[in-house]
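Residues per chain are reported as follows:
2 protein chains.
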Amino acid sequence: MNKTIKENVIYEGRICRFTHNEVEFEDGSTGYRDVLHLAGAVAILAFDDDDNTFLVDQYRHAVSDQLLELPAGMLENNEDPVEAALRELEEETGYKAHEIEPLCSFYTSPGVVHEKIYIYIARNLEHTAQHLDADEFLKVKRIHISELERMILNNEITDGKTILAYSLYKLKKSQ
Amino acid sequence: MNKTIKENVIYEGRICRFTHNEVEFEDGSTGYRDVLHLAGAVAILAFDDDDNTFLVDQYRHAVSDQLLELPAGMLENNEDPVEAALRELEEETGYKAHEIEPLCSFYTSPGVVHEKIYIYIARNLEHTAQHLDADEFLKVKRIHISELERMILNNEITDGKTILAYSLYKLKKSQ
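For the record, the sequence lines run as chains D and P. For reference, each letter of the first sequence is one residue, going 36 to 210 in the numbering used here. For reference, each letter of the second sequence is one residue, going 36 to 210 in the numbering used here.
Among the hints, a few may not be true.
You can't tell identical chains apart in this list, so a pair holds if it fits in one copy or across any two.
Stated by the list, open to error - EDC-like, lysine to aspartate or glutamate: derived pairs with alpha carbons at most 16 Å apart: (1) Lys174 x Glu61; (2) Lys207 x Glu118; (3) Lys207 x Glu171; (4) Lys131 x Glu161; (5) Lys176 x Glu114; (6) Lys174 x Asp92.
None of these hints come from the bench; they were simulated from the model.
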């Protein structure tokens with residue numbers, strides 16, 4: 036376990052905080068650890084009654100690439116992850132889920148990034164309406180899970196949480 | 036696709052760079068996107084002849100937690116990912132792999148982080164010697180893959196790349 040000697044806040048933004056920290060390591064030596072702090076996030080693997088799922092197609096500035104991803108979003112003000120998952124699914128896809136269960140939670144990049152994503156499986160969907168944020172530009176795609184599986188096996192999906200969620204869902208189902 | 040109007044470099048460190056960017060979105064409106072830039076990284080799911088794999092047990096300052104993860108590390112100076120995977124596996128675990136093949140590559144957190152991880156499957160291992168960096172404190176654990184699977188199914192593993200790699204490996208194997 037490390038001890039933080041001094042945390043230097045380099046940047047505080049709307050959705051993230053970046054710190055440069057002087058740290059004492061377990062052997063007593065000292066050094067630095069940079070940390071990007073993000074709010075926890077949720078992502079939802081939702082199935083309709085015909086085994087289709089919903090992906091969002093959006094341009095991601097951080098990686099300069101157009102990606103297909105599970106619907107996802109950050110927790111707002113200490114929101115419960117289940118509530119956030121239901122909210123984000125409906126906001127991004129226009130579907131309200133009447134059944135939801137947790138799949139797993141994980142750190143996205145624990146060497147430098149403080150971010151945990153909670154994945155949910157949602158079913159029993161009711162069509163309502165999409166509500167996007169002002170700076171959110173995305174298209175919803177309805178895709179059969181066999182097509183999602185094909186795209187994952189061919190590495191056409193490059194978003195980590197999407198690959199993880201579907202592969203782990205299948206691993207659990209095979210037990 | 037977005038257009039970067041102005042990139043403001045907030046921080047330049049040894050392993051990362053943080054920028055605050057003024058961006059023009061696809062509808063012509065403008066706003067901001069923060070980006071943490073990390074070098075690409077590799078992670079290795081290595082199997083010995085008895086179906087054991089190797090995990091590293093280390094404290095991760097960014098998430099204030101002790102994690103079990105696949106051996107992994109960043110690409111050094113435009114290094115080829117295969118070379119980096121062989122190097123990191125041997126440095127962290129003390130095993131040189133004589134067979135290696137790509138499993139997939141993915142973005143860890145594409146909303147804010149520019150980081151792609153390349154996962155490899157390694158086999159035909161020869162014991163050599165571990166070489167850790169000065170500020171790397173980790174213990175290597177040899178674990179049978181059935182135990183890794185149990186830990187993943189119980190969400191005892193919380194590192195995303197480790198869950199993703201094993202689950203996707205099993206999905207591919209089941210085809």
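Going down the list of hints, with the structure as the test:
In this homomeric assembly, Lys174 and Glu61 come within 16 Å of each other (Cα to Cα) only across copies, at 13 Å, whereas the closest approach inside a single copy is 48 Å. In this assembly of identical chains, Lys207 and Glu118 lie within 16 Å of each other by CA distance neither inside one copy nor across copies; the values are 23 Å within and 33 Å between. With identical chains, the CA atoms of Lys207 and Glu171 are never at most 16 Å apart, being 33 Å at best within one copy and 34 Å at best between copies. Taking the shortest Cα distances, Lys131 and Glu161 sit within 16 Å of each other inside one copy (5 Å), while across copies they are farther apart (53 Å).
In this assembly of identical chains, the alpha carbons of Lys176 and Glu114 never lie at most 16 Å apart, being 27 Å within a copy and 36 Å across copies at closest. Taking identical chains as interchangeable, the C-alpha atoms of Lys174 and Asp92 lie at most 16 Å apart only when both belong to the same chain, with a minimum of 5 Å there against 40 Å between chains.
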